[in-house]
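Asks: Now for the letters of each chain:
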Amino acid sequence: MRPPLIRGRDLVGGPVVDLNTGEDLAEIRDVVFDPASGLLTGFTLNKRGSWSGRLRAVLPIDRLSAVGTGAVMISDADALVAGDDGPQDIKAAAEADAEVVDDLVVTESGQTLGIVRDVIITGGASPRVVAFEMDAGEDRIQFIPKSPHGGVSASALIVPDDYETRVGDDLAGLADQLDRLSQEQP
Amino acid sequence: MIDIVRLFGQPAISLRDAETTGTVKGVRFQRNRVSFIDIGTGRPIPAGAVRSFEGDALTYDVEDERSTATTGMVAAEAPVDEPIGARERGDAEQADASRDLIAGERLTPDSVPKPWSGNPIGSRMLSDMGDDLGTLAEMFIDADGTVIEMVDDRGHRYAGERLVTVGSFAVIVAAANGDEFA
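Taken in order, these protein sequences are the chains called W and E.
No gaps in the numbering here: position 144 of the first sequence is 160 in this note's numbering, and each next residue is one more.
No gaps in the numbering here: position 49 of the second sequence is 113 in this note's numbering, and each next residue is one more.
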């Protein structure tokens, strides 16, 4: 079964659930993506429901059980770590407020394809950022795979020239493109 | 095999003295089995003491009414000293847990929420991979309290052995090929 593709914003506000008790322990405040490494590093958290407000605890990527369409699952409350004890990369990324949203999507030869609007995460037990949702102009939203080699800076996301042809118009089209890319790569 | 909704509201009758001691308010699960029945008295009945629930009343047989919280208890379960049929109680306990997390402290045994008890029908269903499966519409249990089958609000059926846990937030089932997300 192929893990689902999930927009980052669809995770925000979603529950963090203890899979052994069925209790929700927190809400996702933000998805922390490290542009330098291109990796999903974890989640910052809010308190649940009426206790809304920022939670100092964070959820590092290596402490969660799975990311799905309905919740982020953890095996117990110990998966949440106090912010001060959290991994340096998640703290640094969260503190730097390193946003990839609003970056220009530019090919290696300098062609602008659009503006990043969100990250696309493949769910399951090993969640990772696999693509970006971009505003391609004229009210068109498209999806472009994340290049294994392309860089992300504070202002631009660089993709190989041939990625212009790998853009999908919806998540189903993106899934097909990702399948093709994985078959082409050694 | 009965639909678990038939259990709720049944009078609970003690076979020791034929007294009606309460009404079924909630059930507690351990994995895919009913482990305790909450009858609103503050002393949940261990599933092992239940003689029958497939008629119009739940009958049970314990040697000492005062010890129902521990008689026949599943080893992994902790004693319960008061009724816990309401989701609000779980919320309050969870708030305590969140406060611990805010303070950056590890959860202590006292602050870990007790197992949830209540009616799972209408609860959100999640796979153990976090995928949304809709809400629980029906749950069928057999005479020994084993969950045989669950049905979501779209009519999809799940074998009872896939039940992982039932909590205040969600019913969690083991993911399987062919699951359709809500």
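Hints in this document: simulated from the structure, not taken from any laboratory.
Hints may be right or wrong, so weigh each one.
Distance windows between CB atoms, simulated [claimed, not checked]:
id : chain 1 : residue 1 : chain 2 : residue 2 : range
1  : E       : Val69     : W       : Glu200    : 51 to 57 Å
2  : W       : Glu180    : E       : Val69     : 39 to 45 Å
3  : W       : Asp178    : E       : Ala223    : 32 to 38 Å
4  : W       : Thr181    : E       : Glu202    : 46 to 52 Å
Don't be surprised by glycine CBs; every beta carbon is placed ideally from N, CA and C.
Asks: Starting from the hint 46 to 52 Å, judge whether the C-beta atoms of threonine 181(W) and glutamate 202(E) obey it.
Replies: The hint (46 to 52 Å, Cβ to Cβ) holds, given that threonine 181(W) and glutamate 202(E) are roughly 48 Å apart.
Asks: Hint says 39 to 45 Å; check whether the CB-CB distance for glutamate 180(W) and valine 69(E) agrees.
Replies: With Cβ atoms ~56 Å apart, the hint is violated.
Asks: Given the hint of 51 to 57 Å, check if valine 69(E) and glutamate 200(W) actually sit that far apart at their C-beta atoms.
Replies: Given a distance of about 53 Å, which is inside 51 to 57 Å, the answer is holds.
Asks: I want to verify a distance hint. Is the separation of the beta carbons of aspartate 178(W) and alanine 223(E) within 32 to 38 Å?
Replies: With a Cβ separation near 46 Å, aspartate 178(W) and alanine 223(E) fall outside 32 to 38 Å, so the hint is violated.
Of the numbered hints given earlier, the model fails hints 2, 3; all others are met.
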